[in-house]
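Student: Residues per chain, in single letters:
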Amino acid sequence: MKAVVLAAGEGARMGPFTASEPKVMIPVGNKPILEYAVEALVENGIHDLVLVVGYRRERIQSHFEDGGRFGAHIEYAAQGKQLGTMHAVWEARAQLRGPFLVVNGSNLVDAQAVRDLLDAGEGPAVLIAESEAPEKYGVVSVSGQYVEKIVEKPRQPEGNLVNTGMYALDASALPVAESLINEGHYDLPSLVHALAAKARVRAVRTKGTWLDALYPWDLLKLNAHVLNEVGDLQSGTIEKDVTLRGKVTVGDGSRIRSGTYVLGPAVIGKGCEIGPNVVVYPSTSIGDNVKVQAFGVVSNSILMDDVILGPHSTLSNSVLASGVRVASNLMASSARADAQIEGEWHVVDPLGALVGEDTEIRDGVAIEPGSVVGARCRIGPLARVRGNVPSGTNVM
Amino acid sequence: MCGIVGYAGHRKALPILLDSLKRLEYRGYDSAGVAIVDGSVQIAKDKGFIANLEAVVPDLTGSVGIAHTRWATHGPPSKENAHPFHDCTEKLALAHNGIIENFSDLRDELKARGHTFRSQTDTEVIVHLVEESYKGDLAAAVRAALARVVGTYAILAVHADEPDTVVAARNFSPLVVGLGAEENFIASDVPALLKHTDRVLYVMDREIVALTASSVTITDLEGRPVAREPQRISWTLEDAERGGFEHFMLKEIFEQPQAIHNTLLGRMTEVDANGFFREGFRSVKLVACGTSYHAALVGKYILEEVTRIPATVELASEYRYGPVPAELPLVILISQSGETADTLGAAREARGRGCKTLGITNVVGSSLTRETDRTMYTRAGLEIGVAATKTFTAQVVALYLVAIRMGLERATLPPEEANRLRDELRALPRHVQSVLNQADAIEEVARAYAGARDMFFLGRGINYPVAMEGALKMKEISYIHAEAYAGGELKHGPLALLTPETPAVAVAVRDRNFGKMMGNVGEVNARGSPILGIGTEGDKDLAKFVDHVLWVPKVPDVLYPVPVSVLLQLLAYHAALKRGCPIDKPRNLAKTVTVE
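One line per chain: the protein sequences are A and B, in this order. When the count follows this note's numbering, it moves up by one through the first sequence with no breaks and lands on 396 for the last residue. When the count follows this note's numbering, it moves up by one through the second sequence with no breaks and lands on 596 for the last residue.
Honestly, I wouldn't trust all of these hints.
As the list claims (entries may be wrong) - Partner residues aside, some chain A positions facing chain B, computed with beta carbon under 10 angstroms: (1) Asp48; (2) Ser62; (3) Gly67; (4) Ser141; (5) Gly144; (6) Glu148; (7) Val151; (8) Pro154; (9) Pro157; (10) Glu158; (11) Val395; (12) Met396.
Unchecked claim - Not close to chain B: a few residues of chain A, all C-beta gaps over 10 angstroms, as computed: (13) Leu51; (14) Val53; (15) Lys153; (16) Lys207; (17) His225; (18) Lys240; (19) Gly323.
Keep in mind the hints are simulated off the structure, nothing from the lab. Using N, Cα and C, we set each Cβ at its ideal position, and we do this for glycine too.
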């Protein structure tokens, strides 16, 4: 069986984290979100994957190549305009024969979720899961074990079972998709409705993992989830008087300097320099080539590749994108915060700072909880940052 | 990355295995080996290319065998550490991909029981464990051995007492069976099988496969049979390897953030070069050919800027037959493949003269590593496109690292300056990414210039060799005649060639030469030639004096060659694409020049 993995979207609501990367390539637990879906499929014996790519497709292709490194064979289909999920599957039509699965590459799914869908048997199916925020998804009404209807983002949800965006379909549905597209329908739920009108579409409930990152702070939730599975393989150099508690992975060529205290789960990538005297609390992911200098305190945060966090910095419930450089004494602590993304306000508890790639932060900067700093900003010494700072801004 | 293949059938196994190994060649390796059941179990292996192995392997006629390409993890690349391995009885041969985590405990235990280890690899413990468990059933012996092993593996084994069978096992490392007619294949990856069959069975974790010409039996680690449906492969080899990109060159251009990242990884703190640079030379000579020569030219500026030690550059073919001055410089030899004939000759010549030598190469265990005192590896991964892209920028990055080490050891670079430069280097993959993010804008400009017959590339200082590399890329893949000049040289002749039909590309970034470069832009402008300016983001002046402008991010002066080169690669690529040129295989050119 094949699987179509949808990975074309930009993820505009991910704020500054999609400046160079498509949403599916944002790392959690030091791996792109998409890699978890690929692994879940391969683990279920699905090796032939079609990745539908669009925004910054090269980033995906450079990482996954032909799939050999992941035990998969990957082909790519280009979606020029990201019109919708059915349109994305339609763009992969040349590579589809017989039954196939559809997986949303920007969701964190595990092998159990894939298995539940595979075990549902023949015929079309939609994987559904319980959600705490059904109003943000397609709410699925089920009768027996079949889909009755899917209502997109209802104000008053009639239940908490939502569409996970994972489907079992067959190439025979493609002509139906084509006619729907010609009528201006581009999303898979409309295909499900059309199929359900003729035959029955199974609603398969999963107890497996299905987590969605709608907003940047959701990355911390995904990160904490995947870090529960982290191993404790330590390579590199761990100096004397370093304490590693719980599951802590340290990559090749990294050096953890004296007096550093790491409480797992935590993952530290390759070629990092941590310490001396740094404290890392759970659940923290530190990418490759990252420097956390003396007396830093980092908790429940994501530091992507090539970040430099200068001495005496405090960071909690925060995300620093690749290449962020902090001179020293950053104060980015967290609290219940109001954060604004794409003009909408959200209350997040707790939240620290969200900082986009290659932003340079000089000495002694304080970032208030919930602030979103764009990519390639320059924040001058002793500045106090509140609210949203658009990409490329110089803050004096 | 290791590759592994096995065959059980009616044809001669050796040529099939070697050919299949070559299909996995593009993933990179440092040694190769093969074991054939031919009455007894015969092993042939060697360090280096599969071609080296072909040269040493005797003509084995058996129709069952296994083969392996190795990428060193435990133990350096060498003939002894190449797979497959014999057990003590030499009846068993086994090859392995993956890493055995508890190998040192197991090795001590096996040594205590009298086993002889012939390599430094982790794999050999499995060989002896299988040997101990073997009681006439190879699959059962492999199963028993694996019960003791912690780690990742794809294993292939053959035994003289079961001459028809190849046994395989998998945990995490990929393994796939190819089904033929009265013959069966097994490999770590589908490309190794595609020439022979498109029907495959994927082996899952913790499964054992017994393969003969007429049967494939899959069992789990408890020995229970597993049913598996064959699948049909519907794709071709070439498509697979390009991973969704239209050309290898484009794939490799876009791999540069990762290649640079890998070249830097783990070496930022490597300040102790054991004093290699501390003494024994007063100047440096960089020697190379082709694109590596351009990296060497950039290297001259880097070394002189960072270390203040005088540096000169020579073409390998000129150096090796040139005069022998009295002074003995440190000679740095640069070759992507490590097999370039002239560069190897130059390395021998430099040693003969009594110079200290340092090689910079992308291929582990290549000849250059044997011809020089020290080797620094670029970790760009295999490059297939004939036009060098990611290996060029990785060479430049390696030269930054060499310069930092040399400056620290010679105390000509203060440690805090070294730290600052390292932090800037850390950001380099990001800067390259930001150039790649403008691929659409670069394509649009390239299309506008693709009709030119001649082009000029201008740069000053460290960006002069970058202009030369830009011109070389343009020549070799788009077939546009392109010449590079140092800005100051224009008035000494080349101005006579400028017309409205000869576009010029001016590298006019905001470094210390910006003012002078703008003067040259004015000179070109006055002749009516269309000008593409390469400027620094945020520059408000450049756009007023040029017809097109493309941007690179602001970096310290010495780092501009990397983002500017990437931009010029994309420019050449899109010009060639527009002109319909065979980008990955330009006429008359070979990837590795092993002739003089």
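Student: If a hint holds in the structure, say so; if it does not, say that too.
Tutor: Each hint tested on the structure:
1. Asp48: holds (7 angstroms)
2. Ser62: holds (5 angstroms)
3. Gly67: Constraint on Gly67/A satisfied, holds at 8 angstroms.
4. Ser141: violated (36 angstroms)
5. Gly144: Violated: closest Cβ of chain B sits about 30 angstroms from Gly144/A, beyond 10 angstroms.
6. Glu148: violated (34 angstroms)
7. Val151: violated (36 angstroms)
8. Pro154: Since the shortest Cβ distance to chain B is 38 angstroms, the answer is violated.
9. Pro157: Not OK, violated: Pro157/A not within 10 angstroms of chain B, min 38 angstroms.
10. Glu158: Violated, because the Cβ-Cβ distance from Glu158/A to chain B comes to roughly 41 angstroms (cut-off 10 angstroms).
11. Val395: violated (16 angstroms)
12. Met396: Hint violated; Met396/A Cβ to chain B Cβ min 16 angstroms, cut 10 angstroms.
13. Leu51: Nearest chain B Cβ is 8 angstroms from Leu51/A, so the label is violated.
14. Val53: violated (7 angstroms)
15. Lys153: Given that every Cβ of chain B is farther than 10 angstroms from that of Lys153/A, nearest at about 32 angstroms, it holds.
16. Lys207: Fine: 22 angstroms to the nearest Cβ keeps Lys207/A off the interface.
17. His225: holds (22 angstroms)
18. Lys240: Lys240/A clear of chain B: closest Cβ-Cβ about 17 angstroms, beyond 10 angstroms.
19. Gly323: At roughly 4 angstroms from the nearest Cβ of chain B, Gly323/A sits no farther out than 10 angstroms, so the non-interface label is violated.
Of the numbered hints stated above, those contradicted by the structure are hints 4, 5, 6, 7, 8, 9, 10, 11, 12, 13, 14, 19, listed in ascending order.
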